[in-house]
Amino acid sequence: MGQALAFYKTLYRQFDQERTARGDKQKIIVQVGSATCENAAGADQVRQEFDKLIRASGRQDILLKQTGCTGRCAREPIVGVFFPGQIPIKYEQVTPNKVQEIFQHHVIGGKPIPNLILDKKTDTLYSYVVTMCSSHRCSHENAQDSEEMLKRLLCSHNIAEDLVRIFHSGCLGLCPKEKVGKQHVMMVFPERTLYRFETEEDLDEIVKSHFVDHQVNVKHRYHTDFITEQFFSMYGDVAFFNKQTRLTLRNSGLIDPESLPEYVLNKGYEALAQVLETNDPDAVRQTILKSGLRGRGGGGFPTGQKWINAVTYTDDPIRYVVCNADEGDPGAFMDRSALEGDPFIVLEGMTIGAVAVGARQGYIYIRAEYPLAIERLEKAIATAHKHRLLGKNILDSGLNFDIEIRLGAGAFVCGEETALIYSIEGKRGQPRIRPPYPTQSGLWGHPTVINNVETWANVPTIMLYGADWFSRIGTKNSRGTKVFALAGKVLNTGLVEVPMGTRLRDIIFDIGGGLREGHTLKAVQTGGPSGGCIPADRLDTMVEYETLSEIGSIMGSGGMIVLDDEDCMVATSKFFLEFTQSESCGKCVPCREGTLRMLEILERITQGKGEMADLDKLRRLGKLIQKTSLCGLGQTAPNPVLSALENFTEEFIIHIRDKRCPAHKCTQLIRYEIDIDKCTGCTLCARRCPVSCIAGAARQPHVIDQSRCIKCSECYNVCKFDAVRRT
Amino acid sequence: MSAESNQHLDSETIAFMDACLQKEHPKSYLIAVLHKIQQRYGYLSQAHMDQVAQHMQIPTSIISGVSTFYHFFRLQPRGKFSISICLGTACFVKGADKVLDAFRTELGIELGETTPDGLFSLESSRCLGVCALAPVVTINDKIYSKVTAKQVPELLNSVKAAAID
Ligand SMILES: Cc1cc2nc3c(=O)[nH]c(=O)nc-3n(C[C@H](O)[C@H](O)[C@H](O)COP(=O)(O)O)c2cc1C
Ligand code: SF4
Ligand code: SF4
Ligand code: FES
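Going down the list, the protein sequences come from chains V and H.
Under this note's numbering, the first residue of the first sequence is numbered 1, with each subsequent residue one higher.
Under this note's numbering, the first residue of the second sequence is numbered 1, with each subsequent residue one higher.
Read the hints as simulated data drawn from the structure, not as lab findings.
Since the model is a prediction, treat every value here as computed from it, not as a measurement.
Each statement offered as a hint is correct.
Looking from chain H toward chain V, a few residues come up when the C-beta cut is under 10 Å (computed):
| # | residue |
| --- | --- |
| 1 | Ala32 |
| 2 | Ala90 |
| 3 | Phe92 |
Beta carbons: idealized from backbone N, C-alpha and C, even for Gly.
Based on the sequences and whatever the hints tell you, model everything.
Below is the structure:
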């Protein structure tokens, strides 16, 4: 023992020297996103185009880099151009055509192109970015006041307004307990200086020295090791990012996910080295317990407790750790992005877990639908092996630990932990009754700790910064952050990581940018097929495990789908039930048959054949299935239906009583009719109708033959005279 | 493809099985072996599954149990171009059903079927994790994002044209 830290330091020094030798820090960096989503948006071609131009220019001081997904999916491909010591510039929706322009003007010419910049079409470029912490958790309700104060002071020192851009961020987790709510914290970029201040006089001193004299104000400088600093220095000036607190995703979009040196130079493997150096597994388990970290895979079980259980139930010396990357919720992509953006953090987390519970072998169970994530993991494992961060005698500590990848094969139920174990064993993934829990009897009968990707990704950070630090972020019973995959009818679809306790409203409107113009938010669906929908009037709810359960939904693994006025709650709940129904493993009757019966009822309702008594049937059947199913799949399958029924009863009733779908989603309940007063007889719709069911002579009102209409909405969309009515 | 699927498994797959048999818990690699075969041949033929049973000494009943349990495994050959429409939540909300309908009409086949000329088969998938760019369609390994029903005929034509080249 006692070798690990020395091993780590040597490794760090080696990577650092190599970087210095290459002169990377003095280079201009062109960074292109590389992830499943980025590539689907065309990032591949963009990268090739830059590569060609850089080669052709013969310049050795331009570095082309790949990075994982930043999470700003709706604006991809994203390209960053970073000059040493300057505010980093990020461009959005870059096409191969725009590459030429960016390269010539900016990379070669040194002039950024304002109208291509991510998220803000601005004509002025600024020299400083100030990010002020304005987390409402610390009751900084007066965030606006401090911004005004800063502006006033800048003005009084004759600093041009557009030279400094001011942004507000969510909790940075920097303030010690006794200072929470009493001090302000702000970062100034590109110098990456962190300041704290309490009064206007303090701030004035900062402004004077930093912006007027160009000197760091030592008196108010805040010296602290600050985990998300790197991320903020890169993305702090983008509204989508600065309300987030990036702990698990801190490297995504920042480092090259295939580069171990970059991971190590960004604090990677420092935590593991410390853990191995001290070699006190019990202390590691206690730290995780004390941090309050809970499972991010949906259940929310305290992670530290799980680890303790794994070593207390039996004295079986063979134990396993497993990373659950099955990500079954069909509308969630947190784990995919995380693994594509920073695979090493998960490997490090699992290795620390292995030390804590005494495992020699780990498995990552990942769905086969994620080829890029699998490829990055394979490379990361091979690289870690090469540098003795995995395998025999890791970091010279004397310990052996290895990780193997196992592929899922498209079965949602395999995300359930007992099913997952069977699947790793090569069998059909059918859940079994618990107890015994996997921590008692898991893989091949040995104690097994199963945690979600995001749970593992939290571990290195907690070990590095301590349980107290971690538990300062978030709320009393939900500590730390949560990653959400924001999708559906929200403008900024993408990946966000926010402190627990953030209000849904802030996620959807501040970060997500709200909805398309002219549309209103109807509900937010969380927890996917096991969760529920939260109606618009509950948007002030905070994301916390208990609070979300109380209002009939769940935290889930992080899927968050925004629904608007064009979404039908009956159809949406039917969608989820169809999913769980077809994914039921068939082992127990309530889940296999009960969900089918519920689905039949919903089917009837969406076809206009429902009866009022059906609503009660749905409720009773749903409750029964919840109570009597064997595993979590069945126990939660009725949730989307029951919560929709609870919150949107009226909509169900309209479907049944009036045979109408207010959102015009249920095809069978839609009717298209031509208003004879408005119809000019232009014949356009008749020509477009795919089943030719519209008749009428030219310049005469047309009619739709209702018996043949397939409700394709073509006529409704093409009529220029607003003559087709939809009811 | 179908010609090969009656033949003996290729040496690479056999070598992979041999390697698995050397490891601890050899039978746990069954799913990995089936993945390998599907990747190589496009689907799992009965003949191939029988060979796996022989080689790895796993009862055919177990193999058939596993291959039918997991949706990812295909037991029928598919078209030259396999079109898969994501029917995950995000894609559903953004109108994937309309896109699916357009493919159905254009190709004249239902989900799970292959066109008579063996060119296209239609499948659905459940979330590729590209939800932010929904609706999503994959044709073989290429991902198409923000697909609309209107683009479908054009998309099919471009794929066909590329096939002829
Ligand atoms: C039907 C079903 C599907 C699940 N799918 C997943 C999944 O895709 N990913 C995941 O991490 N956990 C999933 N879980 C939860 C796991 O059973 C388990 O609780 C979790 O992996 C434990 O890790 P955690 O404590 O870190 O959350 C699922 C549970 C059920 C009942
Ligand atoms: S509840 Fe459903 S998925 Fe779970 S064991 Fe029963 S049948 Fe299988
Ligand atoms: S497109 Fe409109 S105006 Fe023209 S024939 Fe149809 S309903 Fe009448
Ligand atoms: S729902 Fe289609 S990619 Fe996720």
